[in-house]
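Residue numbers (the numbering used here), protein chains in the order written: chain E, 1 to 438; chain C, 439 to 876; chain X, 877 to 1314; chain D, 1315 to 1752.
Each hint should be verified, as a subset may be incorrect.
Straight line, CA to CA, 25 Å or less: simulated BS3-like cross-link-like pairs of lysine-lysine [said to hold, decoys possible]:
| id | chain 1 | residue 1 | chain 2 | residue 2 |
| --- | --- | --- | --- | --- |
| 1 | E | K254 | C | K659 |
| 2 | D | K1323 | D | K1349 |
| 3 | C | K659 | E | K396 |
A few chain X positions that, by computed beta-carbon distances, are all more than 10 Å from chain D [as the list claims (entries may be wrong)]:
| id | residue |
| --- | --- |
| 4 | D903 |
| 5 | K906 |
| 6 | P1023 |
| 7 | F1128 |
| 8 | E1250 |
| 9 | R1251 |
| 10 | F1269 |
| 11 | Q1301 |
What the simulated footprint calls covered on chain X by chain C, stretch by stretch (three residues with Cβ under 8 Å from a Cβ of chain C suffice, anywhere in the stretch; the number is not a length) [said to hold, decoys possible]:
| id | segment |
| --- | --- |
| 12 | 986 to 992 |
| 13 | 1222 to 1230 |
Derived from the structure by calculation, the hints contain no laboratory data.
None of these values were measured; they are calculated from a predicted model.
Backbone N, C-alpha and C fix where the C-beta goes; we use that ideal spot for every residue, glycine too.
4 protein chains.
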Amino acid sequence: MSYFDAIPKIRFEGTGSDNPLAFHHYDPSKKLLGKTMAEHLRLAVCYWHTFVWPGSDVFGAGTFERPWQQAGDPMAQARLKADAAFDFFSRLGTPYYTFHDTDIAPEGNSLGEYQKNLAEMVDVLEAKQATTGMKLLWGTANVFSHPRYAAGAATNPQPDVFAYAATQVRNAMDATLRLGGANYVLWGGREGYDTLLNTDLKRERAQLGRFFQMVIEHKYKIGFDGLILIEPKPQEPTKHQYDYDTATVYGFLKEFGLENEVKTNLEANHATLAGHSFQHEVATSIALGVFGSIDANRGDPQNGWDTDQFPNSVEELTLVIYEILRAGGFTSGGFNFDTKVRRQSSDPADLFHGHIGAIDALALGLERAVKMIERDTLAELKARRYAGWDGTFGRKILDGGFSLASMADDAVLRNIHPNHRSGEQELLENIVNRYIYG
Amino acid sequence: MSYFDAIPKIRFEGTGSDNPLAFHHYDPSKKLLGKTMAEHLRLAVCYWHTFVWPGSDVFGAGTFERPWQQAGDPMAQARLKADAAFDFFSRLGTPYYTFHDTDIAPEGNSLGEYQKNLAEMVDVLEAKQATTGMKLLWGTANVFSHPRYAAGAATNPQPDVFAYAATQVRNAMDATLRLGGANYVLWGGREGYDTLLNTDLKRERAQLGRFFQMVIEHKYKIGFDGLILIEPKPQEPTKHQYDYDTATVYGFLKEFGLENEVKTNLEANHATLAGHSFQHEVATSIALGVFGSIDANRGDPQNGWDTDQFPNSVEELTLVIYEILRAGGFTSGGFNFDTKVRRQSSDPADLFHGHIGAIDALALGLERAVKMIERDTLAELKARRYAGWDGTFGRKILDGGFSLASMADDAVLRNIHPNHRSGEQELLENIVNRYIYG
Amino acid sequence: MSYFDAIPKIRFEGTGSDNPLAFHHYDPSKKLLGKTMAEHLRLAVCYWHTFVWPGSDVFGAGTFERPWQQAGDPMAQARLKADAAFDFFSRLGTPYYTFHDTDIAPEGNSLGEYQKNLAEMVDVLEAKQATTGMKLLWGTANVFSHPRYAAGAATNPQPDVFAYAATQVRNAMDATLRLGGANYVLWGGREGYDTLLNTDLKRERAQLGRFFQMVIEHKYKIGFDGLILIEPKPQEPTKHQYDYDTATVYGFLKEFGLENEVKTNLEANHATLAGHSFQHEVATSIALGVFGSIDANRGDPQNGWDTDQFPNSVEELTLVIYEILRAGGFTSGGFNFDTKVRRQSSDPADLFHGHIGAIDALALGLERAVKMIERDTLAELKARRYAGWDGTFGRKILDGGFSLASMADDAVLRNIHPNHRSGEQELLENIVNRYIYG
Amino acid sequence: MSYFDAIPKIRFEGTGSDNPLAFHHYDPSKKLLGKTMAEHLRLAVCYWHTFVWPGSDVFGAGTFERPWQQAGDPMAQARLKADAAFDFFSRLGTPYYTFHDTDIAPEGNSLGEYQKNLAEMVDVLEAKQATTGMKLLWGTANVFSHPRYAAGAATNPQPDVFAYAATQVRNAMDATLRLGGANYVLWGGREGYDTLLNTDLKRERAQLGRFFQMVIEHKYKIGFDGLILIEPKPQEPTKHQYDYDTATVYGFLKEFGLENEVKTNLEANHATLAGHSFQHEVATSIALGVFGSIDANRGDPQNGWDTDQFPNSVEELTLVIYEILRAGGFTSGGFNFDTKVRRQSSDPADLFHGHIGAIDALALGLERAVKMIERDTLAELKARRYAGWDGTFGRKILDGGFSLASMADDAVLRNIHPNHRSGEQELLENIVNRYIYG
């Protein structure tokens, strides 16, 4: 008997249906711009929040009581968890999943045990993938939860902790390759500082830079052809994280010569914690050539920590998907639900409600973004706004045809009087709302 | 008769004095670590907040009624303002000042008038510098207040606005050179966006990158040997500014090959608006090799806009100055008071109280930071904390002696079990407080 | 010739129309729940942002160049402004407007001139109301912009400033009565502090409390039967404002015995600056029995000041209108557009785009909120969730039937083991999205 | 052998000592304004953060490994914890401690077991108090950690959860009385909401109001003569907490007629999370007549969650203590260290460093605040600033001698022209810094 036995297979039933355990907008095989909805969105369910987290928070114990979270033999519980996870995936019908190494297998008491446990569970998952057709969007390593990582993994003051983390990442990358993962993600959970008083920024940057280089070298060595992704986050649990936001990550990659090797895995809630809109992080990442994948969730605009709620704003998602579609869509990335149900949402069905709502919101956003692309008024208006830069004078400037002095002399000679032209922001916002609401 | 006639020359009177119009801690000729306080701090008064701003805010009209802000012939008023400014500088006794081109001279109605007015006022200032011994810490150009810059200067959609801004910057750089300025500052007041809906991030970055390159080329052409400084700010008045913070500026400079040509002018209030501590921005800037100068002020921790208050936290300034001293101190930079008295502080004396308090706070911070350097417990404890990275194993890692796989194999073979060691944050905080409070 | 001559009368053209200068969703005469859209929404255009503000901000001069903002005879310009305003109202087709006393008439150089100017302009507006059918949603007094109010109006340390403000409020209330205004608003623009160091909180509260009492007494004396409304705002331009949020205002009213006399005028952007969602402030105000009216706008979630943008999130407005409808809808309140176009939006048409988009968003939200009310699943689920409190045991608790000890004894005796039940947040969010998106 | 055996008794050694395990400023018997430092500060160590919390956070497991946190018989471990706690108290030398019921005794599996365990441990603590001379500053009940409280305690949708919480509070109050506690604290850890969609604000307020009334009734019934204190907090773990801040709590108390029965326990970090300075919350609480006690800690100005760090800003504490001294000092309240060492601070000594630094910072702040009171320049300047309100005209206004109309007529007749006077904020800030730094 399964934990999710009361839940039917989730199907597309359209807007006419009143069934809360059905998709009302996500029709996986519906074609838009030559691709199906499923191909556009590349949806993934994550292991950690959905199967590992017990519903605890800083002020209280777990409320969930999932069978596989009870006391018992760790490997048996890991298998039970895998059964539940793949049962969940199958009922929900999303094509991808994601995991940390320690989500799927117990850490054990030594690196040897860790490797053995992980290898066994990779076999289990491989078999389950074969049976269910599920695919791995990306794997990653948890190098932040164990006490040894309290002061960071790659940026730890102790080289042996760096080595321990490297061992985990090596195993997690190899497991990802073996399971046909489309990407591999690096999240610097504790790569940052709690206080500058005990922190050598320059050293820690050098350590982190070398770590990333080793990851890239390993990628080529093992023939992994997916993307290596860094996930920016500004703070929490640290006071400050080195992967603050996309622009910071970009500078870091440039410093270590990695800007062509690494892309970003952007999370909505991390964007807002860093003081940016979700759309900003996506657009910036695209403009810098480092866009990779998305951790789809949302934060609470009034709370200053990572709430990892299910995304439900079609207004926000439409703009985000519009940016992605304009950039050509995902290559190997996708929308991963780095989301958790609220601690109060303790029923098995709540896990489905969370994902169904998010998936329908993405489908609604996708449909609207496709309309925006099909008749791309925003792009037309932008092209018109910057038209001067495509003219002779504009091109000459950008091509280095002027020095500051020659440009100033020319401006004085021409006695230029450029006037401000309206940016038409309100009109553009109305146009977007008409794409969304008709 | 001068506007500041009631104010005596401000002198160092020591802690015993009760006179509010005296320094109690700033003794300019006092020697610390081989330099005088004045040489360490390189204090500057700014023209804009102190002599140009009338005490207005978004919700109300000016409260100050300075004589030179009344209606009248613009050039006559500019001279009156310069008289008042240099009178103020002389009474306060700070060695440096700073300005925007349009602070010192009226813009006029054409580029020709602008150039003529500026040239005249540069003559005036040059004469005043000669008389008073005042020096220019840096000059800059205001390319954000006039309506033509509503959509940015270098990042404006209209190339002619770029050209207009270039003309101002050329003139401001030349004026800075002529006046013996130690640095030149670029602040991107409106180089950012109000909405992504009308913004082409990639284009605007390219425009801004080219603008910076032109500035550097001009610097060499005219033989200006001061630093070119960019001032990070995350937002306001724009929704998002391209020079968000030090890490963002660094990435930008790397993209356009300018990381060795441009340094940062860091402002405390901009740091906190970007979600960082002031110390963080200074330490990061130093770690990235782009530290240049400081706009000393403070924000209100509960208000989300640039309040530009006078710095008065010795606790904060001590740590900031410690970072700067450890990095060797200022070269051509200094502490510029980018600060304004509150709108309610409408008396001439208030301008002095603001500066006196800030200068004494910097002096107090400097004395404490010097003690921290003289017996640098923090540096010792840091060195001990990271000692492993100076050992054989640590150096081998950083020197590329391990691949991910060889490191993992080694770790498994050694069966490593690194344990967390205390970061001792509370002890370190106590040590700092004992430097501050004895 | 009118400033708005190029703009046609704005009409409802439905979703099929491509005309940006038309309503696509707001059909004023469409009936929902027995009232027309116009009757539900009671839309108002404000004088200050739309006709008084020149497009300036802290960092730059005005970009708008409206004819009535040019130099000239103040009363002539006030008449020109009134012509433009009523022309705008008529073309837009909203039934209400709002103003500060000094928006409509020049302050003059004495209280006598102020009263004379205001009286003259009230005559002008009265005539215009008669001609156009426009109505006044509320009037208010600007007791925060003039330098005399730099330290507050009612809370000023000088009693004469209190008296000056009282004179303005008396005149503004009388003008509001004369013009048939539906409400009168008090906004404490500078009733707060910049620093606690010079502030006596207890005194200032007493002053403000007495001021409010005087306003209520005057209301009865002149026979004004509209609501008196306080507008909460947490800060800006002050560091802290006494009307921080609804809960704070409620406590203040209770202290001075005014909780049955005064209601709130809630602004979306003020809610978010105070750390609350807009819906929270509306729901709290209703729960406390002090809901009155709305200043409809939005802030920028990433910027920490009052941006007063046009509301455009149907997702947010739906929930807000749902709360209002459930509470019975507006009595004399309405949706006032306390909104300004962006400084870059300098064309006359931009003023229309801003309002049209906001009105359509409100119409969309209204339609969805009506659906939510017609089959009120949320209310049903809430009733079920709290059902225990309608049972014998719950009622006994609330009716005072238990002491702490008797309740504890009873609980131990019954050996209760209450288990948590799911809060179903994700399901409820999905239900709301299906009301919005079908 | 004790966990803290390596730690000597902490003694006052003065500023000359280099010993980090000594007080450098806190001299408990030093007299200031007629009271000893110990009597002024009334310092307390909390059980929860210091002895219960294992060093875990949302992203990682505990790092501390205290002996009493290991697996074992719960009552035996509770005794071991009490041994360690009182050993710590004795070595540190603070006179007070604080606890939640479930900090000191295991919850057990039924209310019966809970009562039995608690009673046993109260006996243990009573004996330890007698031996050591330690006193209880306040007790409280943990009605937020157990899953049954996921949707609140008093505000839970299920009356039986209310009853369960009432049982715990009754027992905790009785235990507090028995142990001679000076106060009893109510903290509404989950009295708030995660989403308005499932929340009936009016009902929940009524439940909470009745709960508070029952607590007050019980206080009188059992003859407890300490203060009942509510601790405001704006959010976390809930999205919104009903005890948002002092002003909100005040309104709540007024609604339920409890404003003379309940005071506030103010926490620095909760103040800043609510958008206020710590000083603001203290000053507001005093102005409203509801000041009671302090949870001394600090937040991180850049992080949006409750970091509960040890207070170390003498600059901040000086102003807070100044407000408290001016209001007459603590009655039964005190400074409780609701503080936790950082997760990285895993050594036993770190617990001492945290407390020692905080205590010295309070002592430094107390000394400076005493100087501020002894010659109270701020109070003098405030009195002068508001002097007009003590004159005939000011008193007449506050005494109700004017109507709005009579005041306006008088103002027009007198043709008043009040001018703004400087608020002198910078001068006042300098005065404060001279109290702090001499």
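Would you check whether the claim that X/D903 is not at the interface survives, using Cβ distances to chain D and the 10 Å cut-off?
For X/D903, whose nearest Cβ neighbour in chain D is about 29 Å away, the distance exceeds 10 Å, so it holds.
How about the segment 1222 to 1230 of chain X: do at least three of its residues have a C-beta closer than 8 Å to a C-beta of chain C?
violated (count 1)
Far enough from chain D: is every CB of that chain over 10 Å from the CB of X/F1269?
violated, 5 Å
Please verify that the nearest CB of chain D lies beyond 10 Å from X/R1251's CB.
With a cut-off of 10 Å, X/R1251 remains clear of chain D, as the shortest Cβ separation is near 15 Å.
Classify the label on X/Q1301 as holds or violated, using whether its beta-carbon is more than 10 Å from each beta-carbon of chain D.
For X/Q1301, whose nearest Cβ neighbour in chain D is about 5 Å away, the distance does not exceed 10 Å, so it is violated.
Minimum C-beta separation from X/P1023 to chain D exceeding 10 Å: can you confirm that?
violated, 5 Å
Mind checking, does the segment 986 to 992 of chain X have 3 or more residues with a CB under 8 Å from chain C?
As far as the segment 986 to 992 of chain X goes, the hint is violated, because 0 residues have Cβ atoms under 8 Å from chain C.
Are E/K254 and C/K659 close enough, with their CA atoms no more than 25 Å apart?
violated, 29 Å
X/F1128 clear of chain D by more than 10 Å, beta carbon to beta carbon?
violated, 8 Å
Check the non-interface label on X/K906: least C-beta distance to chain D beyond 10 Å or not.
holds, 27 Å
What's the verdict on C/K659 and E/K396, does the C-alpha distance respect the 25 Å limit or exceed it?
holds, 20 Å
Regarding the pair D/K1323 and D/K1349, is the alpha-carbon distance no greater than 25 Å?
holds, 24 Å
Of the numbered hints given earlier, the model fails hints 1, 6, 7, 10, 11, 12, 13; all others are met.
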